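A.B. asks: If you want the building blocks of each chain, they are given just below.
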Amino acid sequence: MNEDKICAITFLSVHDVMKAEKLLLKINLPIRIIPVPKQVSPECGMALQVDCAKLIEARRVLASMAGRMKNAYRIEGSAFHPLEDEA
Amino acid sequence: MDGAGRLYFDNAATSFPKPATVYEAMDSYARTIGGSAGRSAHAQAIAGSRLLFSLREELAELMGANADLVVLTKNATEAINLVLHSLVEEKGRVAHSPLEHNAVMRPLQTLAAARGVKLHEIPGDEHGRVTAETLDAFLNKRSVDLVVLNHASNVHGLALDLTVLGEICEYYETPLIVDGAQSGGVLPINMEAMRIAALCLTGHKGLFGPTGTGALLLDDGMADRIDPLLHGGTGSVSEQETMPDFLPDRLEAGTHNTIGAAGLLAGIRYLIDRSVEAIGEHEQDLRERMIARLREIDGVEILGDVAGPATATVSILTPLAPSDLAYLLNEQYGISVRAGLHCAPRAHQTLGTMPAGAVRLAPGALTLPDAIDEVADALAEIMATVK
Numbered sequence: 001m002n003e004d005k006i007c008a009i010t011f012l013s014v015h016d017v018m019k020a021e022k023l024l025l026k027i028n029l030p031i032r033i034i035p036v037p038k039q040v041s042p043e044c045g046m047a048l049q050v051d052c053a054k055l056i057e058a059r060r061v062l063a064s065m066a067g068r069m070k071n072a073y074r075i076e077g078s079a080f081h082p083l084e085d086e087a
Numbered sequence: 088m089d090g091a092g093r094l095y096f097d098n099a100a101t102s103f104p105k106p107a108t109v110y111e112a113m114d115s116y117a118r119t120i121g122g123s124a125g126r127s128a129h130a131q132a133i134a135g136s137r138l139l140f141s142l143r144e145e146l147a148e149l150m151g152a153n154a155d156l157v158v159l160t161k162n163a164t165e166a167i168n169l170v171l172h173s174l175v176e177e178k179g180r181v182a183h184s185p186l187e188h189n190a191v192m193r194p195l196q197t198l199a200a201a202r203g204v205k206l207h208e209i210p211g212d213e214h215g216r217v218t219a220e221t222l223d224a225f226l227n228k229r230s231v232d233l234v235v236l237n238h239a240s241n242v243h244g245l246a247l248d249l250t251v252l253g254e255i256c257e258y259y260e261t262p263l264i265v266d267g268a269q270s271g272g273v274l275p276i277n278m279e280a281m282r283i284a285a286l287c288l289t290g291h292k293g294l295f296g297p298t299g300t301g302a303l304l305l306d307d308g309m310a311d312r313i314d315p316l317l318h319g320g321t322g323s324v325s326e327q328e329t330m331p332d333f334l335p336d337r338l339e340a341g342t343h344n345t346i347g348a349a350g351l352l353a354g355i356r357y358l359i360d361r362s363v364e365a366i367g368e369h370e371q372d373l374r375e376r377m378i379a380r381l382r383e384i385d386g387v388e389i390l391g392d393v394a395g396p397a398t399a400t401v402s403i404l405t406p407l408a409p410s411d412l413a414y415l416l417n418e419q420y421g422i423s424v425r426a427g428l429h430c431a432p433r434a435h436q437t438l439g440t441m442p443a444g445a446v447r448l449a450p451g452a453l454t455l456p457d458a459i460d461e462v463a464d465a466l467a468e469i470m471a472t473v474k
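One line per chain: the protein sequences are A and B, in this order. Each residue of the first sequence is one higher than the one before, starting from 1 at the first, in the numbering used here. Each residue of the second sequence is one higher than the one before, starting from 88 at the first, in the numbering used here.
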């Protein structure tokens, strides 16, 4: 994974985003809350932006929330590529 | 009307005053944040969302619950309705204590009429308290779908031993639903240790929040069993015209009372700082002091005059009609109390005080001990004039 790349993780609910934010901040992993991108979902919720280089670590920390995470994406300009597609 | 300078003895209805931090938090939220939680990703909405998250987490921590299963409601009544309307099925059987508030009895009677639900009153002791013996004997004889218990009575303040009663419910594989409106913040509650399946709380009494706040706390087994009473926007899965299937969104349609949540969170932080145990001890001291003074007054009969876990709430009977005594206390002494049935006809029926009810004296966590003496002096003065 390219270290310059930015990724995003989407969750079922805003509560989950807040919980994930807390867990990731606890290990000082840099994150940002961003709107759920339109290409991903038409809903008005939030997602977490994280460096792609830190995505594996983030997912490990969020393992207890596995059922509450929806998808991960690589952000390229205004395009969001589902990471599963790149596997 | 200014509440300052009066003696407020109606904390069982709603606590007053609140800790100063509650007013400050609400003011600050309204003036500096103001965003609608969960409805966008701008800074103000995120701040509102973080606030709701903190509220769920800190309330759950206080109650030995799971923050992911905290549903914010407008009061305990909404929480109770959510649970009962979801869990009680056609021709179901529900057991309740003899001291239930109408927040429980009215939904139960509605379900009895609409779904043919059979209601069973679990016997209590002479004060209406369900005990280990009465619950065990009851559940040993018949099977019910749910047991609903009022943790602490809003009439005489006496509380149940939920640790033991929860064990018995677990033994009989019957979910325990608890109305914690009076006890939340005053008596220790731990959902896990007490095997509580659903805990219904109001925010504006012992938790020091404003009116219009409350919560339903669920255990893992209940998470998928509660259906929404309200349907509407949640800020999630907006492309879908049906409710989300995940908590808390599934049960929280419509814009949150975020300013209320700010006050409630500040109230809970005050509680954590002072500790529920310390508040419980303070209320127990107030109760004992009040009962000791009331016993000295001729013509006053105390409901629930017995040792045991309790809030500071006490009710009394006198030769005066409850409404007349409350009126005199209000008009001549500036004392706020509540007379009548306290929305708990079942409890008054149990205590033999129907239909007139009683006068309830409900000091609270912020009541100073001297206030007890002032109220007792006023009652003694009034009773001295009664033949």
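Watch out, some of these pointers could steer you wrong.
[Unchecked claim] Label-pair restraints from in silico Cβ distances:
(1) B:R312 with A:P82: 27 to 35 Å
(2) B:E364 with A:A66: 32 to 40 Å
(3) A:K26 with B:A408: 58 to 66 Å
(4) A:R60 with B:G151: 48 to 56 Å
(5) B:D311 with A:N71: 19 to 27 Å
(6) A:P30 with B:Q131: 52 to 60 Å
(7) A:Q49 with B:R118: 53 to 61 Å
Worth flagging that the hints you see were computed from the coordinates, not collected in a lab. Because the structure is a prediction, the values reported are computed rather than measured. C-beta atoms are modelled at their ideal positions from N, C-alpha and C, and glycine is treated no differently.
A.B. asks: If a hint holds in the structure, say so; if it does not, say that too.
C.D. replies: Evaluation of the provided hints:
Distance hint check: the CB atoms of B:R312 and A:P82 are about 33 Å apart, consistent with the given range 27 to 35 Å. At roughly 37 Å, the beta-carbon separation of B:E364 and A:A66 lies within the given 32 to 40 Å, and the hint holds. Distance hint check for A:K26 and B:A408: the Cβ-Cβ separation is about 60 Å, which falls inside the suggested range of 58 to 66 Å. Restraint check, A:R60 to B:G151: a C-beta distance of roughly 28 Å breaks the suggested window 48 to 56 Å.
At roughly 23 Å, the beta-carbon separation of B:D311 and A:N71 lies within the given 19 to 27 Å, and the hint holds. Roughly 22 Å separates the CB atoms of A:P30 and B:Q131, a value that falls outside the hinted 52 to 60 Å. For the hinted restraint 53 to 61 Å between A:Q49 and B:R118, the CB-CB distance of approximately 29 Å leaves it violated.
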